[in-house]
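Student: Hey, can you work out the whole structure from these sequences and the hints?
If you want the building blocks of each chain, they are given just below.
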Amino acid sequence: MINWANFISQCFNGLVLGALLALISSGLTIIYGTLGVLNLAHGAMFMLGGYAGWLTYTYTGSFIAAVFAGSLFVMVVGVVMERVVIRYFYGRPHEDQLLVTFGLGIVFVETIRFFFGSLTKSVPPPAPLVGITPLGFMFYPTYRLALLGIVAAALLALYVVLYRTRIGMIVRAGIEDSVMVDSLGIDVYKVFMLVFGIGAMAAGFAGIVNAPVVSIAPDVGEGILVQTFVVVVIGGVGSFPGAVLGGLIAGEIISITSMFNPGYAYVMLFVAMTLVLVVRPYGLLGTAGRE
Amino acid sequence: MRDVMRKQGFFTIELLTALGLIAAPFVLPLVGFAPTTINRILIWGLFGIGFDILFGFTGLLSFGQSAFYGTGGMVAAYLLTEMNFPNVTVALFIGMIAAALVGYLVGLIALRRTGIYFAMITVAIAEVFFFVEFNPLSAYTGGENGLPGVPTPVINLGFTILHFDSDRSLYAFLAFWFFIGMVIALRIVRSPVGVILSAIRDNPLRASAVGHNIHGYKLTAFVIAAAYAGFAGGLLGVMQAFMPPDAFMFDTSGQLVMQTAIGGAGTLFGPLVGAAVWLYLSDFLQNALHLGATWKLVLGLVFVLLVCFLRRGLVGGIKDVYALVAARIGQKVAPAAVPLPLPAISPEEEKVTRLAVAKEPAPAPMPALRRRDDDYSGPIIQATGLTKRFGGLVANSDIDFSVARGERRGIIGPNGAGKTTFFKMLTCEMAPTSGRIVFRGRDITGMTVTDVCQLGLTKSYQVNQLFTRLTVRDNVTIAALAELRGQFRLDMFRSLRNMPGLAEQVARTLALVDLTGRADRPVASLAYGEKRRLEVGLALASAPSLLLLDEPLAGMSPAERIEMVKLLKSIGQGRTMIIIDHDMDSLFELVERVTVLQEGRVLVEGTPAEIKGNKAVQEAYLGGVRAA
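Protein chains in written order, with our numbering: chain F, 2 to 292; chain U, 2 to 629.
Since the hints were derived computationally from the structure, they do not count as laboratory data. One or more hints might be untrue.
Between beta-carbon pairs, the in silico distance windows are [said to hold, decoys possible]:
{"id": "1", "chain 1": "U", "residue 1": "Val326", "chain 2": "F", "residue 2": "Asp178", "range": "28 to 34 Å"}
{"id": "2", "chain 1": "U", "residue 1": "Pro137", "chain 2": "F", "residue 2": "Trp5", "range": "22 to 28 Å"}
{"id": "3", "chain 1": "U", "residue 1": "Phe86", "chain 2": "F", "residue 2": "Ser119", "range": "37 to 43 Å"}
{"id": "4", "chain 1": "U", "residue 1": "Pro87", "chain 2": "F", "residue 2": "Val85", "range": "55 to 61 Å"}
{"id": "5", "chain 1": "F", "residue 1": "Pro282", "chain 2": "U", "residue 2": "Asn416", "range": "31 to 37 Å"}
{"id": "6", "chain 1": "F", "residue 1": "Pro282", "chain 2": "U", "residue 2": "Ala528", "range": "52 to 58 Å"}
List time: in silico SDA-like cross-link candidates among lysine to any residue, alpha-carbon distance up to 25 Å [as the list claims (entries may be wrong)]:
{"id": "7", "chain 1": "U", "residue 1": "Lys616", "chain 2": "U", "residue 2": "Arg602"}
{"id": "8", "chain 1": "U", "residue 1": "Lys532", "chain 2": "F", "residue 2": "Pro94"}
{"id": "9", "chain 1": "U", "residue 1": "Lys320", "chain 2": "F", "residue 2": "Leu73"}
{"id": "10", "chain 1": "U", "residue 1": "Lys320", "chain 2": "F", "residue 2": "Gly92"}
{"id": "11", "chain 1": "F", "residue 1": "Lys122", "chain 2": "U", "residue 2": "Asp252"}
{"id": "12", "chain 1": "U", "residue 1": "Lys567", "chain 2": "U", "residue 2": "Arg602"}
{"id": "13", "chain 1": "F", "residue 1": "Lys122", "chain 2": "U", "residue 2": "Gln466"}
{"id": "14", "chain 1": "U", "residue 1": "Lys567", "chain 2": "U", "residue 2": "Gln466"}
{"id": "15", "chain 1": "F", "residue 1": "Lys191", "chain 2": "U", "residue 2": "Thr153"}
Computed, partial: chain F to chain U, Cβ under 8 Å [said to hold, decoys possible]:
{"id": "16", "residue": "His95"}
{"id": "17", "residue": "Glu96"}
{"id": "18", "residue": "Leu99"}
{"id": "19", "residue": "Val101"}
{"id": "20", "residue": "Leu105"}
{"id": "21", "residue": "Val108"}
{"id": "22", "residue": "Arg114"}
{"id": "23", "residue": "Glu177"}
{"id": "24", "residue": "Met181"}
{"id": "25", "residue": "Val231"}
{"id": "26", "residue": "Val234"}
{"id": "27", "residue": "Ser259"}
{"id": "28", "residue": "Met274"}
{"id": "29", "residue": "Leu276"}
{"id": "30", "residue": "Leu278"}
{"id": "31", "residue": "Val280"}
Glycine residues also receive a C-beta, built at the ideal position from the N, C-alpha and C atoms.
Tutor: What follows is the structure, given as structure tokens:
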């Protein structure tokens with residue numbers, strides 16, 4: 002007994018969630034691809050973006066200001082984090098990098114909890130986007146529709162930066178071989194810092210634009226981080242198109258399964274991940290040797 | 002004699018553990034540990050022993066141990082509460098077995114990948130367990146309420162009945178199991194399996210190339226860790242008289258990882274120490290300083306600082322300080338790497354400067370192992386039509402190649418001729434695009450590098466592939482074990498000292514590559530020439546009947562080259578060798594026949610004299626002579 006209107010609406014939800022996951026995962030994956038560091042604090046970046054935006058919103062009342070402040074703040078956090086801590090871990094084993102980013106994630110989350118408490122905060126959508134929009138065959142919350150557009154635009158911007166600019170070319174070259182980029186006379190550390198900032202910003206931006214849909218709490222990033230991992234495993238580490246594809250797949254799986262029984266959403270996600278691992282161990286669009 | 006001393010040394014650890022466990026409930030409360038905190042520390046410590054075998058010894062960082070902790074705990078608690086199962090200890094064991102089984106299944110998936118992929122997959126899987134426990138299985142697990150009413154253990158010894166119902170008596174129960182867990186873990190770590198786990202952590206590629214089935218051993222470590230987690234999870238329910246659902250939470254896995262890193266991974270005691278620090282600080286910050294929820298922030302900062310500045314954790318740090326102090330006093334201390342319990346043959350005087358002229362290779366060459374098909378008389382290896390394409394690039398094209406038994410063959414060719422690719426195909430590190438390889442009359446095309454090494458064909462690498470964090474002796478031991486035990490065997494409780502033939506084979510290999518005097522040095526402290534000889538030693542230790550050497554002379558000084566040529570000559574007796582090198586003079590002196598590769602094809606084959614005079618070869622190397 003499938004309610005088709007409900008089904009289509011869930012597919013839309015999946016698309017929105019998928020686009021969001023795609024954006025967050027591309028941040029994670031370009032950082033990993035370029036720097037070789039898996040940032041376990043990436044979920045915290047998402048959370049920080051939400052809080053910075055929320056704080057800005059409470060003071061200015063402007064959603065646009067909140068989006069800018071949220072993204073920029075997280076970018077700064079990312080750059081500082083790279084410069085002060087991560088840089089000293091490039092030469093250390095992967096496990097140490099995982100440990101230190103994991104620890105930093107906890108520090109971020111607990112710092113926010115210290116200042117703002119554990120209760121959830123919410124940011125209302127900007128006035129023109131409140132309410133629901135009739136789509137002919139169904140009604141859908143206006144902001145979610147807009148969110149789809151906003152996130153798609155952000156992904157497109159990221160694509161343009163990565164594939165159509167000089168700096169993007171350097172970043173992609175760095176994903177293939179950062180030692181080579183270094184020996185070509187490009188200050189690879191500057192690039193690393195920038196990439197870390199951009200990657201973090203992707204998560205931070207997602208954190209604030211998602212705040213009107215899901216209210217924010219200090220540990221909101223934890224679940225997001227896990228979903229991001231699944232996306233990256235499905236799509237293939239270090240691959241931007243893989244992150245987008247994986248994100249959309251994961252988003253739809255979560256939403257459609259939730260329609261029947263939310264308890265199984267993760268189980269299905271996990272089944273999908275396992276299938277990919279069995280059939281294509283390097284991810285759908287991944288390349289061997291990137292780990 | 003040293004053997005006996007070491008043996009005593011080992012029981013010392015067990016003895017000290019026992020004494021420490023007996024003293025702890027009397028000493029720790031004096032410095033402010035609450036009795037329940039001490040019990041908790043033991044559970045985390047036991048949980049951590051298994052995790053340390055996985056992370057510290059095998060190098061697999063899992064963020065998903067909560068899945069097994071929760072599974073073991075829930076199974077035991079369900080049996081004891083809902084099923085009215087009478088025996089607590091048996092229930093704990095059933096929980097442990099359940100966790101181990103689940104660990105086996107999860108391991109099959111998670112171990113498809115390594116490194117960060119492994120970490121991400123374990124996180125994701127653990128999250129699934131959390132949701133499954135909460136929702137689909139909530140009828141059995143109590144969902145968010147958990148399972149209350151887990152009984153305390155009662156043990157009937159026949160003459161008396163022991164009730165473990167107070168904090169103090171529960172401590173005895175927990176301490177007993179912790180002790181058993183530690184004794185078992187110490188045995189595992191000192192067994193051949195334990196050494197191979199360290200080898201996998203250091204260099205998985207080489208561990209499989211010397212003939213170990215590393216996937217099997219990784220899975221073993223994963224299951225061991227799951228079993229420890231399951232048992233500890235069961236104890237948690239027993240201790241609290243309640244099995245909490247948050248055992249399944251990501252926080253549980255995270256806390257375990259952090260405690261292990263704080264205490265020191267790879268030490269077995271690290272997780273216990275880490276748990277003590279963690280729980281003490283959390284009690285202290287919350288109760289004495291009234292910091293409330295901020296305790297976690299403080300602990301997070303402590304953790305980050307420790308990871309940054311004390312990478313071997315507290316136990317590792319103490320060991321380092323101890324080593325430093327002991328060295329000051331002038332005692333001879335063990336190097337940082339944990340030495341293996343092998344009987345040492347008397348070490349030679351170490352020579353700081355090595356004079357090539359003065360040295361004569363004394364040791365008798367180690368014969369190739371006699372294998373079943375030794376009466377096979379055809380060519381030892383034969384490749385037909387071997388081709389390798391990388392996309393459009395043809396690295397090797399239609400190579401026919403055959404080497405007679407006992408022959409010493411050289412392969413030369415300009416850079417990019419496809420020599421290393423050719424070797425990689427012969428040793429089955431890389432599958433050919435087409436063609437067939439027959440080794441001692443047996444088609445080995447498509448086999449793994451591990452299988453082939455077990456058959457008696459191995460290679461020394463162009464770029465050193467050593468187990469750098471272990472000692473020279475450990476390195477050779479790892480290679481020798483593959484030959485003595487086959488590619489996979491679960492002799493987890495056997496001491497390395499009781500491996501027949503191991504000590505002799507290791508000593509012989511060390512003598513052969515002239516590293517006896519360096520046996521207990523960590524590999525990282527060796528000179529380049531020594532590392533190069535060890536590289537050959539690793540290949541030799543598995544007593545191969547066909548040995549491939551990829552540029553054994555590369556990067557060596559002239560004196561080191563002379564040494565190496567001498568070494569190669571001595572090991573070449575009774576064994577077939579194929580050698581790639583650019584040093585023509587040395588190579589022509591060593592080998593009987595030479596194959597010249599150019600642009601992925603066999604250009605010519607002949608004796609060194611024929612090759613030297615060959616026009617085509619000269620042209621291949623000097624190029625464009627005709628044009629000049």
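Student: Compare the structure with each hint and give your call.
Tutor: To see whether the hints hold, each was checked on the structure:
1. Val326(U) - Asp178(F): 28 to 34 Å: At 45 Å between Cβs, range violated.
2. Pro137(U) - Trp5(F): 22 to 28 Å: holds, 26 Å
3. Phe86(U) - Ser119(F): 37 to 43 Å: With a Cβ separation near 38 Å, Phe86(U) and Ser119(F) satisfy 37 to 43 Å, so the hint holds.
4. Pro87(U) - Val85(F): 55 to 61 Å: At roughly 58 Å between Cβ atoms, Val85(F) and Pro87(U) fall inside 55 to 61 Å, so the hint holds.
5. Pro282(F) - Asn416(U): 31 to 37 Å: holds, 32 Å
6. Pro282(F) - Ala528(U): 52 to 58 Å: violated, 39 Å
7. Lys616(U) - Arg602(U): holds, 17 Å
8. Lys532(U) - Pro94(F): holds, 22 Å
9. Lys320(U) - Leu73(F): Cα-Cα ~45 Å, so violated.
10. Lys320(U) - Gly92(F): holds, 23 Å
11. Lys122(F) - Asp252(U): Answer holds: Lys122(F) to Asp252(U) is near 23 Å, not above 25 Å.
12. Lys567(U) - Arg602(U): Judged against 25 Å, a Cα distance of about 31 Å means the pair is violated.
13. Lys122(F) - Gln466(U): With a Cα-Cα distance of about 54 Å, the restraint between Lys122(F) and Gln466(U) is violated, given a limit of 25 Å.
14. Lys567(U) - Gln466(U): Status holds; Cα separation ~22 Å.
15. Lys191(F) - Thr153(U): violated, 60 Å
16. His95: holds, 5 Å
17. Glu96: This hint holds: Glu96(F) lies near chain U, its Cβ roughly 5 Å from the closest one there, short of 8 Å.
18. Leu99: It holds, given that the least Cβ distance between Leu99(F) and chain U is near 6 Å, below 8 Å.
19. Val101: Holds, about 5 Å.
20. Leu105: holds, 6 Å
21. Val108: holds, 4 Å
22. Arg114: holds, 6 Å
23. Glu177: violated, 15 Å
24. Met181: violated, 18 Å
25. Val231: The hint holds - Val231(F) has a Cβ within 8 Å of chain U, the shortest such distance being about 5 Å.
26. Val234: holds, 6 Å
27. Ser259: violated, 11 Å
28. Met274: holds, 6 Å
29. Leu276: violated, 10 Å
30. Leu278: holds, 5 Å
31. Val280: violated, 11 Å
In summary, the structure is inconsistent with hints 1, 6, 9, 12, 13, 15, 23, 24, 27, 29 and 31 from the numbered list given earlier, while agreeing with the others.
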